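Asks: Single-letter residue listing:
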Amino acid sequence: MSLTKETKNTLSWSDTVELIDNLRVDEVGLKERVASLATRSIKKDSKLQALNYIVTMCDLTTLEGEDTEGKIGQMTAKAIRPDPSNIEVPSVAAVCVYPALVSKAKEMTKNSNVKVASVSSYFPSGQAPLESKILDTQFAIDQGADEIDIVINRKAFFEGDYRKMYDEIVALKEVCSSVHLKTILEVGELRTYENIKKASLISLAAGSDFIKTSTGKISDGSSREACYLMAKSVWDYKEVTGFKAGIKVAGGIRDSKDAIRYLVIVNEELGSDWLNPDYFRFGASSLVDDVLKQIKKLKTNAYQSGYYFPRG
Amino acid sequence: MNTWEYAESIESSSIVSIEKKYGIFFDGQFQSPNSKKYLKTISPSTEEVLSSVALGNQSDIDSAVESAKSGLKVWSKLSGTQRAKYLFKLARLIQERSREFAVLESLDGGKPIKESRDFDLPQVAANFFYFAGWADKLDISWNTKGLKPYGIVGQIIPWNFPLLMLSWKVAPALATGNVVILKPAESTPLTALLFAELCQEVGLPPGVFNLVTGDGTTGAALVQHPDVSKIAFTGSTAVGKYIQNETADRDIGLTLELGGKAANIVFNDAAIDQAVEGVVNGIFFNQGHVCCAGSRLVLQEDIHDEFVSKLEKRMQSLRVGNPLDKNTDIGAINSKEQLDKISSLVNEGIAEGGSIFQTDCDLPTDGYWFRPTLFTNAQPSYKISREEIFGPVLTTLTFRTPEEAIEISNNTEYGLSAGIWTEKGSKILWAADRLQAGVIWANTFNKFDPSSPFGGYKESGFGREGGRHGLLSYLKVQS
Amino acid sequence: MNEIKKTYKNYVGGKYLRSESGKTFRIALKSEFYEVPLTSRKDVRDAVVAAKKGFTEWQKLTPYNRTQVLYRLSEMLEGNIETYQQILEDSGLSKSKAKEDTKQALDSLIWYAGIADKWEQMTGNLNPVAGEYFNISHQESLGIVFTLNSDENSLNQLLLNILPSLVTGCSVISFNGDNSIMALKLAEDINNSDLPAGALNILSGKFDQIIDDVSNHVEINAMAIYKQLPSTDKKIIRENASKSLKRIFINPPVSGLESLLPFIETKTVWHPKGR
Chain A
1 MSLTKETKNT LSWSDTVELI DNLRVDEVGL KERVASLATR SIKKDSKLQA
51 LNYIVTMCDL TTLEGEDTEG KIGQMTAKAI RPDPSNIEVP SVAAVCVYPA
101 LVSKAKEMTK NSNVKVASVS SYFPSGQAPL ESKILDTQFA IDQGADEIDI
151 VINRKAFFEG DYRKMYDEIV ALKEVCSSVH LKTILEVGEL RTYENIKKAS
201 LISLAAGSDF IKTSTGKISD GSSREACYLM AKSVWDYKEV TGFKAGIKVA
251 GGIRDSKDAI RYLVIVNEEL GSDWLNPDYF RFGASSLVDD VLKQIKKLKT
301 NAYQSGYYFP RG
Chain B
1 MNTWEYAESI ESSSIVSIEK KYGIFFDGQF QSPNSKKYLK TISPSTEEVL
51 SSVALGNQSD IDSAVESAKS GLKVWSKLSG TQRAKYLFKL ARLIQERSRE
101 FAVLESLDGG KPIKESRDFD LPQVAANFFY FAGWADKLDI SWNTKGLKPY
151 GIVGQIIPWN FPLLMLSWKV APALATGNVV ILKPAESTPL TALLFAELCQ
201 EVGLPPGVFN LVTGDGTTGA ALVQHPDVSK IAFTGSTAVG KYIQNETADR
251 DIGLTLELGG KAANIVFNDA AIDQAVEGVV NGIFFNQGHV CCAGSRLVLQ
301 EDIHDEFVSK LEKRMQSLRV GNPLDKNTDI GAINSKEQLD KISSLVNEGI
351 AEGGSIFQTD CDLPTDGYWF RPTLFTNAQP SYKISREEIF GPVLTTLTFR
401 TPEEAIEISN NTEYGLSAGI WTEKGSKILW AADRLQAGVI WANTFNKFDP
451 SSPFGGYKES GFGREGGRHG LLSYLKVQS
Chain C
1 MNEIKKTYKN YVGGKYLRSE SGKTFRIALK SEFYEVPLTS RKDVRDAVVA
51 AKKGFTEWQK LTPYNRTQVL YRLSEMLEGN IETYQQILED SGLSKSKAKE
101 DTKQALDSLI WYAGIADKWE QMTGNLNPVA GEYFNISHQE SLGIVFTLNS
151 DENSLNQLLL NILPSLVTGC SVISFNGDNS IMALKLAEDI NNSDLPAGAL
201 NILSGKFDQI IDDVSNHVEI NAMAIYKQLP STDKKIIREN ASKSLKRIFI
251 NPPVSGLESL LPFIETKTVW HPKGR
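Residue numbers (our numbering), protein chains in the order written: chain A, 1 to 312; chain B, 1 to 479; chain C, 1 to 275.
In short, the hints are calculated from the structure, not lab data.
All figures in this text were calculated on a predicted structure; none of them were measured in a lab.
Don't be surprised by glycine CBs; every beta carbon is placed ideally from N, CA and C.
A hint or two may mislead.
30 Å max Cα-Cα, derived BS3-like pairs, lysine-lysine [what the hints assert, rightly or not]:
hint	chain 1	residue 1	chain 2	residue 2
1	C	K30	C	K6
2	B	K326	A	K297
3	C	K227	B	K145
4	B	K145	C	K118
5	C	K6	B	K241
6	B	K148	C	K234
7	A	K155	B	K424
Covered, in the sense of this in silico footprint (three residues per stretch, anywhere, with C-beta under 8 Å from a C-beta of chain A), are these stretches of chain B [claimed, not checked]:
hint	segment
8	16 to 28
9	232 to 242
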């Protein structure tokens, strides 16, 4: 799995201003389109294909104060081999942990394709000076993180200081020059669809490789509407720069049915080029369990119990 | 890079049982037609014969009128509340059997099950519920005196929304105390026949709802019958004109809901992604077999390239195919005749100099199909910019100023609907005032509701269906 | 009994015009003859051109202004009321009947003047559609209306044939036969009122001479027939009307809100409600 994109592109602040000028989103029309995509009926082989996609796109995540090296050990083992009873089930894309646990995760995954992602920049609030955010990020990279998930500066965003928000991402991107940068918008706090689109485009213009819905730390985490808007932003950005950015959805995606609906959005709005872990990820803890049950159900035609699958 | 194909997800058609042969429905029963003739109704997606239905003639219309007369005697003695109860029951039964109706509609008419299931059927039930509630409130519906039902109403409906148009016609007519003789479209009679069964099931008094299937000659016999005191028609402008002419020697009520060539105006300050969706829904909904379809994209010149690029990309994601596949976006063209008409107009558009874009999708071998089609570089004088195509074909025209957008939009004999896309509120209201059309969709398109009046300006017809205004189509002022 | 008392002209586009044909016909009142124009087919076409301009101007006025204009007309009629009473008497009404008719005519004018800025509140409404949409049905004027007025010797009836379409914002071509003296007299007060030129045009003549031209004219959006016509005439009108789907109203209501309904088009506007 390669994380190198065709081109690396950022836009200057003045070009960014042009990009976010006069953004318009109609809420009702947006919801109608997303609801219509949710009526796709994914069955049989296409369902199995989707479930396998989802496993390979998962960032198995634990971001708790109570996390320990023991917990990380369990999770990484599961990440490498999600279903010990079925070797056809692939590894997940990555594990996602706090910076203090990166080195443990790295050690556990060294003989696998599973990447180690870490949150930084004073996740989840981002309420810290830029210098601290840089140190936080640098630490995670020094510990061996392959991917860094940062949060946007919502304080700056809501104060209308989009330039500050942009500059911070640019600065963090410099730190992350050798790793993959995912920028979390926290769509549940941005609330309006125009805010989500604006934050998406600023984050892309500042050099993010991925844009991500949520920290998972607030109740309004991800939504399919947000994912749709982010996909539209990714497309618009590609039209301007040629750069294909990725999307990570995280926060509240618990079952296969929901996850498949996200895949449909990406498939129809961006295309099959985006249907791989280089361009689309799920940040989740319990989603994988449901996906494994569904895969086994398709193979055996019997509904499964959770005790067949290991804890993460 | 592998692609993710959606496996077929077919709605089972085992839920419907179609008789080999259907008669006409009067005196509360199915009876053999006096004409002794039958028409075959086929599935446009497979060309398979589904059933034979009566080809009603003058004598069959006479029988239906006699039945309607006796029905009227009973119906006119009932209170509004009693009429309401029958309509509420019908609404409930339609809801209960909606899956059956939806499958039948898609089989007989070719529309995607997604639309018959999620749009047509819910709207059908909603229409009966809505008008049921008016039946005992007619005296407080309008600040006018002396509103009385016409009596026997002849209703002729098209093939694009067979059961939905039945509900638009039958529900308000019965609620206002009229009795009905319905002539469904030649190519889509099956859901109306099933509806007749429901009328039996709810015990609707015999003669209140009468159904005569057939073709244009059947419709003409209904229009010409001297005891029919009101004709409500939905269909082409040409036939609408024929009906007005044919009934010229009678003092008769007319509601004509006819053709359209709606402008869908996109200003440069629109929410572009939602406008693209609206334009797609405006023209590709129901294969473009929609009288109010947004068939002229009137696009501000400075966003032309960006918009067309997004539109073409979006069109490519439309899935054309088996109407019973839950993932089908665009079903079959309703008939061979309609397919030929669409093809011929599109060929003329190319010959006149329009640039054509069609999507790459595969089409099934049997049945009638047409790829989603977009014309750019079309001029207002081209036939494709002026004539109603009634298929999945969109024509683009450009404008520079708001005034020009209005001029282009109104430059047609039609006036059924129009769309406006801009995030500037005052511009919406300014444009809505100037567009000569009975329904204006601003930042949305092809939205319908039983409470919302629908009907045209100019040669798109007269009268309104739906809402409080729709009642007036079935009530005359008696001085 | 052979003296010509006065020659009246048609009132079109705010001007008094002879028929371009030069033809007139005679109407006898009491012991005197009046000449009135025998409207030609060309005159009808000219009236449509005037009515088109008049429609634009009449539409520019706010409903409140239309009320003002029509109320001002009632003041002028009241000032000249004796002239109208005289015509009614000369045409055969008793003094008391004539007085009663003019009184009713003024009442009718006041009623219609006062509804110009209200009718839409009674005919339009918000529709409670399912979903997050604002949906309103409001009303617009049908456009150019041709009225064939009743021949009744009555100022009130004349106004009741003209006002329903005029008050809804249509421009009107009012065609008169036996009642032409009254109608052309009314034109003089119309001319002195603030009604925009062309909003109301008054013609006299024989309807059967123009029936084809009127019913065939595509720019006439509607015909309101307030006179009793033979069924052959109604057939001609409706057959011709069908070529452009012209709205035809045979003996429509002449009072109440229902008298306005034929002349309005309902326009329904949808808009989503979102953030």
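Asks: Taking the hints in turn, state whether each one holds.
Replies: Results of checking the hints against the structure:
1. C/K30 - C/K6: holds, 13 Å
2. B/K326 - A/K297: holds, 22 Å
3. C/K227 - B/K145: holds, 22 Å
4. B/K145 - C/K118: holds, 18 Å
5. C/K6 - B/K241: Judged against 30 Å, a Cα distance of about 45 Å means the pair is violated.
6. B/K148 - C/K234: holds, 23 Å
7. A/K155 - B/K424: Cα-Cα ~29 Å, so holds.
8. 16 to 28: It is violated: at least three residues are needed, and the segment 16 to 28 of chain B offers just 0 whose Cβ sits closer than 8 Å to chain A.
9. 232 to 242: Our answer is that it is violated, as 0 residues pass the Cβ test (under 8 Å) against chain A, missing three.
Checked against the numbered hints above, the structure breaks hints 5, 8 and 9 and satisfies the rest.
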